[in-house]
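Q: Read off the chains here:
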Amino acid sequence: GAGVSQSPSNKVTEKGKDVELRCDPISGHTALYWYRQSLGQGLEFLIYFQGNSAPDKSGLPSDRFSAERTGGSVSTLTIQRTQQEDSAVYLCASSHSRTGVNEQYFGPGTRLTVT
Amino acid sequence: AQTVTQSQPEMSVQEAETVTLSCTYDTSESNYYLFWYKQPPSRQMILVIRQEAYKQQNATENRFSVNFQKAAKSFSLKISDSQLGDTAMYFCAFMKQGTGANSKLTFGKGITLSVRP
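Quick mapping for you: the protein sequence lines, in order, are chains A and B.
Start counting the first sequence at 347; every next residue gets the next number (this note's numbering).
Start counting the second sequence at 559; every next residue gets the next number (this note's numbering).
One chain only, chain A, in its complex shape (with noise of 0.2 Å):
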């Protein structure tokens, strides 16, 4: 079956403007995960979605990034104001939510460039 999808897959922007990344997670999985991956930081865990309860945003680093999830599906990170730390990989995961371990899925990510 299709794997989950990001788009779009190069972004380059300016500082101060704003961006949406997209993720489609796999089909049925109603865990979905955001991380960064830069090269200063490594991989780092941004928000987490549940179906339809209220997210996990511990992981965001400002009030730049925010995140949704609609319909329990598609999720748009976006990032407000973009500044030139903000350039990295994004990554989107999903997951079937069941007791044991939950392996997650990755997409190929969208790699964010701030000029």
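Quick caveat, the hints were computed from the structure, so don't treat them as lab data.
It cannot be assumed that every hint is accurate.
Computed list of lysine-lysine pairs in DSS-like fashion (alpha-carbon distance at most 27 Å, straight line) [unchecked claim]:
1) Lys403(A) to Lys667(B)
2) Lys357(A) to Lys667(B)
3) Lys654(B) to Lys403(A)
4) Lys636(B) to Lys613(B)
Residues of chain A placed beyond 10 Å of chain B at every Cβ, according to the derived structure [to be verified]:
5) Pro354
6) Lys357
7) Glu360
8) Lys361
9) Asp364
10) Glu366
11) Asp370
12) His375
13) Thr416
14) Arg427
15) Thr461
Where is the CB? At the ideal position from N, CA and C, for every residue including glycine.
The hints should help you fit chain B onto chain A, whose structure is shown.
A: Below, chain B alone, put in the same frame as chain A:
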């Protein structure tokens, strides 16, 4: 909070040889999961192998196996009969047991593995 340490930034191995990638972690949890993920230049993170902490037997997946030492908090990955397609970044990751926010992954910094022909 959990931490995952991969102290080797890069390694190189001859095709068909065996290589071991190191990982240590720190946690106060008694039940958790450990993973090795592979990230080739395409950026797609691919699960290589996973280990449940409550299992004493080391996990194996074809040419990939782990040496899990719970007391030492060590989780190394052994790749046997290395192939050119194994060239990638490898990340060690930790997950608490449970659902919800516990299921987020904590990653190490990664190691770049190059397989030489």
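Q: Hints numbered earlier in the text: which of these fail when held up against the supplied structure?
A: none
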